[in-house]
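Peer 1: Sequence:
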Amino acid sequence: MFGWLTKRATKAAPAVAPTPSAAKPIPGSSEAKRVEGNAHLDRNELDAAAACYLEAVRLDERSVPARINLAYVLLELKREQEAQDQLVQVTAVDPSNVDALFMLGGIARARGDLAGAIAHFEKAVSADPGFEPGYPAFCKACVEAGQVGRVEAPLRRGLEALPNSASLHFLLGNALQVAGQGAAALESYQRAIAIRPDHAEAHANAAVVLRSLGQLERAVAHLQRVAAFRAADFGAQMQYGVALLGLDRVDAAIDSLRRAVAISPTSAAGLTNLGIAYAAKGRSDEAIAQYRLALAADKSHAAAYAGLGVELNEQGRPAEAVASLRQAVELDPTAIEAHSSMLFLLSFLGKPTEYIEEARRYGAKVEAGVRPLPRQGLAGEANPPLLRVGLVSGDLRAHPVSEFLEGVLEQLDRGRIELFAYVTNGRQDEMTARLRRQFAGWVSIVGMDDESAARRIQADGIHVLIDLAGHTGSNRLAVFAWRPAPVQVTWLGYLASTGLSSMDYVLADRISLPEASRAQFVEQAWYLPNSLYCFTVPKAAPAVGPSPGLASASVTFGSFQRMNKVSDETLSVWSRVLQAVPGARLRLQNKQLGDPRARPPIAQRLAAFGISAERVIFAGPVPDRAAYLACHDEVDIVLDTFPYPGITTTCEALWMGVPTLTLAGDSLLSSQGASLLHCVGLDDWIAADAEDYVRRAVRHAANREALAQLRAGLRDRARASPLFDAPRFARDLELALHGMWRRAHPTP
Numbered sequence: 001m002f003g004w005l006t007k008r009a010t011k012a013a014p015a016v017a018p019t020p021s022a023a024k025p026i027p028g029s030s031e032a033k034r035v036e037g038n039a040h041l042d043r044n045e046l047d048a049a050a051a052c053y054l055e056a057v058r059l060d061e062r063s064v065p066a067r068i069n070l071a072y073v074l075l076e077l078k079r080e081q082e083a084q085d086q087l088v089q090v091t092a093v094d095p096s097n098v099d100a101l102f103m104l105g106g107i108a109r110a111r112g113d114l115a116g117a118i119a120h121f122e123k124a125v126s127a128d129p130g131f132e133p134g135y136p137a138f139c140k141a142c143v144e145a146g147q148v149g150r151v152e153a154p155l156r157r158g159l160e161a162l163p164n165s166a167s168l169h170f171l172l173g174n175a176l177q178v179a180g181q182g183a184a185a186l187e188s189y190q191r192a193i194a195i196r197p198d199h200a201e202a203h204a205n206a207a208v209v210l211r212s213l214g215q216l217e218r219a220v221a222h223l224q225r226v227a228a229f230r231a232a233d234f235g236a237q238m239q240y241g242v243a244l245l246g247l248d249r250v251d252a253a254i255d256s257l258r259r260a261v262a263i264s265p266t267s268a269a270g271l272t273n274l275g276i277a278y279a280a281k282g283r284s285d286e287a288i289a290q291y292r293l294a295l296a297a298d299k300s301h302a303a304a305y306a307g308l309g310v311e312l313n314e315q316g317r318p319a320e321a322v323a324s325l326r327q328a329v330e331l332d333p334t335a336i337e338a339h340s341s342m343l344f345l346l347s348f349l350g351k352p353t354e355y356i357e358e359a360r361r362y363g364a365k366v367e368a369g370v371r372p373l374p375r376q377g378l379a380g381e382a383n384p385p386l387l388r389v390g391l392v393s394g395d396l397r398a399h400p401v402s403e404f405l406e407g408v409l410e411q412l413d414r415g416r417i418e419l420f421a422y423v424t425n426g427r428q429d430e431m432t433a434r435l436r437r438q439f440a441g442w443v444s445i446v447g448m449d450d451e452s453a454a455r456r457i458q459a460d461g462i463h464v465l466i467d468l469a470g471h472t473g474s475n476r477l478a479v480f481a482w483r484p485a486p487v488q489v490t491w492l493g494y495l496a497s498t499g500l501s502s503m504d505y506v507l508a509d510r511i512s513l514p515e516a517s518r519a520q521f522v523e524q525a526w527y528l529p530n531s532l533y534c535f536t537v538p539k540a541a542p543a544v545g546p547s548p549g550l551a552s553a554s555v556t557f558g559s560f561q562r563m564n565k566v567s568d569e570t571l572s573v574w575s576r577v578l579q580a581v582p583g584a585r586l587r588l589q590n591k592q593l594g595d596p597r598a599r600p601p602i603a604q605r606l607a608a609f610g611i612s613a614e615r616v617i618f619a620g621p622v623p624d625r626a627a628y629l630a631c632h633d634e635v636d637i638v639l640d641t642f643p644y645p646g647i648t649t650t651c652e653a654l655w656m657g658v659p660t661l662t663l664a665g666d667s668l669l670s671s672q673g674a675s676l677l678h679c680v681g682l683d684d685w686i687a688a689d690a691e692d693y694v695r696r697a698v699r700h701a702a703n704r705e706a707l708a709q710l711r712a713g714l715r716d717r718a719r720a721s722p723l724f725d726a727p728r729f730a731r732d733l734e735l736a737l738h739g740m741w742r743r744a745h746p747t748p
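Following the working numbering, the numbering of the sequence shown begins with 1 at its first residue and continues without gaps.
Derived by calculation from the structure, the hints in this document are not laboratory data.
For glycine and all other residues, C-beta sits at the position ideal for the given N, C-alpha and C.
Incorrect hints may have been included.
[Said to hold, decoys possible] With beta-carbon atoms standing in for the labels, derived distance ranges:
1) Gly415 with Ala228: 49 to 59 Å
2) Asp113 with Trp442: 12 to 22 Å
3) Arg743 with Trp442: 24 to 34 Å
4) Gly415 with Glu705: 43 to 53 Å
5) Ala433 with Gly610: 47 to 57 Å
6) Asp684 with Arg436: 36 to 46 Å
Sequences and hints are given; from them, build the entire structure.
Peer 2: In structure tokens:
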């Protein structure tokens, strides 16, 4: 990060140019010998130069220039002790000689005598505050000695003498940044850049500060300059690419990361980051190829295993994915993000006991090195009339989380709830603009470290802090370990335990999380009266179309789920359904199927379970949401996946008049389908087990008139249910949040 931390002197002391002669010296004099020595030095004839300087000193023992030049050459000849002896004699004659003090500091530092080095360098810049070379050396020695705090005052004195020194402004910025004064550090870096626009280190460090302040756009602008100044520098290109990914500028990130890999083709870090960029673009095969190249370059590179695991899951290979992520965690126990990704995948597998054990390990790891922040200010209010509620999310954009959030936020009583957003992802769109209007405060914590983000949240006086991500992408669960709010809750974006003891509650309903399943959570369950979800009515939804089964020889089953949710267990049961319903077809639609290369391996997987290609319809993504919702006109019955059921897709299907057949599970996640359907009174579409699932599918498919009648009235039925009743859900949520606060702060 800091220039002074990465650049080390390669010599015992930095070079001090030999003092030139002002006039033609008298032949045979000390000065004549010194000038002769300078001539030898110009030709790099070091031994001859040293002999001349020694003779000059013999002729005039008080000649400071001769001793300085002699010391310089002796250092070049690696004769440090002799050089030191000469310099000590200089300081005996001239105690404030900055050249001598400077070289003595360099000798001391080379020997590991940091205290001596600091003393000499500090004397040099004190003797002459305008001696610019002394400050970088002084700062480096202080950093190495762990005494960064002592550099600020000398640097400020130096800037009084050298106000236009880009170097000193840069060094002061480093000192201020280490001291936690980010805004002041940024000002110093900007002054350095104003003086020297091509100061790459100042641009790079300014970017670090801006990221910590959540100003990623400005940070990227500085990194762009660094990448331009250092077009052949691997680190400059890679850091720029990584920052671009944070802003979701994926194409530009890929270009920058390709340049980085071209510079260093065997860098595991570069290859891994390029893989991450390809994954963000949806180029799964290319991402996996980069991760494998990274592991070929360095088989212990944990980040490559982590990325590979995530992408294998995208391809519907969960067992391989978990194994890869577990390898990442074993290689690097501090790889918190990899551990979080592993938990996300474990939640797919329907093994709640294994999951909670791993979640507890994650929580213990995250909380081990954290000291919760002391309670301040609003934390002591027993019954605040206006509850300050913070939402931490990277999904306040076009994302399923926002589809459940938007309608509820619009209905919250602003006389009871004041909302603050803490955004963990730089992506923004029209949904972001709509949501932003619902918040009193909107803060990006992208790039902030966990403690800084926690302190910012605490400074806003948040009473209840809600995690909307769990172990999904862009989560900031580690921030919650710092306890920035007195009450902390997880809700909506993830349906398993975070594993954090600092997370007080999980919002749930009694259908999806019965009392018998509460042991699956570290958090306490706070039950909402109906569902833990409320779906926002789609604004662009077309009218419900006629039942396609009435005009066909048989029904069309459908799924709009991503392929990584279509488990082997699911395919086995779907195969039995198709065998039991002659002529029925299965329509699969998702983003992955938009890539023609993805279809053959998926078809092969289906065939392995006895589902022939003739009975399958593949469909990829469509231009907009209205067109997507209209695709439900092609489906009679949605077949749910398990143990990871549809949630957004189930709600969308209900709104479009299409019922979903689901399988009740034994965890908060696997029971969501049952909870949603119960909410709209479709209990007849909830199967108890695989056999029941097949029986119900056959029965419902056989009664196409009943399907058509259900379809015609299902939107009105859904609209009247708690699942789509935003005003009712908002009141329930307000009661829950105030209830949590009262429980934490009981009145006498």
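Peer 1: Are the hints correct? Go through all of them and say.
Peer 2: Status of each hint after checking the structure:
For the hinted restraint 49 to 59 Å between Gly415 and Ala228, the CB-CB distance of approximately 52 Å keeps it satisfied. A hinted range of 12 to 22 Å is violated for the C-beta pair Asp113 and Trp442, which are about 52 Å apart. With their beta carbons about 29 Å apart, Arg743 and Trp442 fall inside the hinted range of 24 to 34 Å. One distance hint, 43 to 53 Å for the beta-carbon pair Gly415 and Glu705, holds here, with the actual separation near 50 Å.
Between Ala433 and Gly610 the beta carbons are some 48 Å apart, a value that agrees with the proposed interval 47 to 57 Å. The supplied range of 36 to 46 Å is met by Asp684 and Arg436, whose beta-carbon atoms lie about 41 Å from each other.
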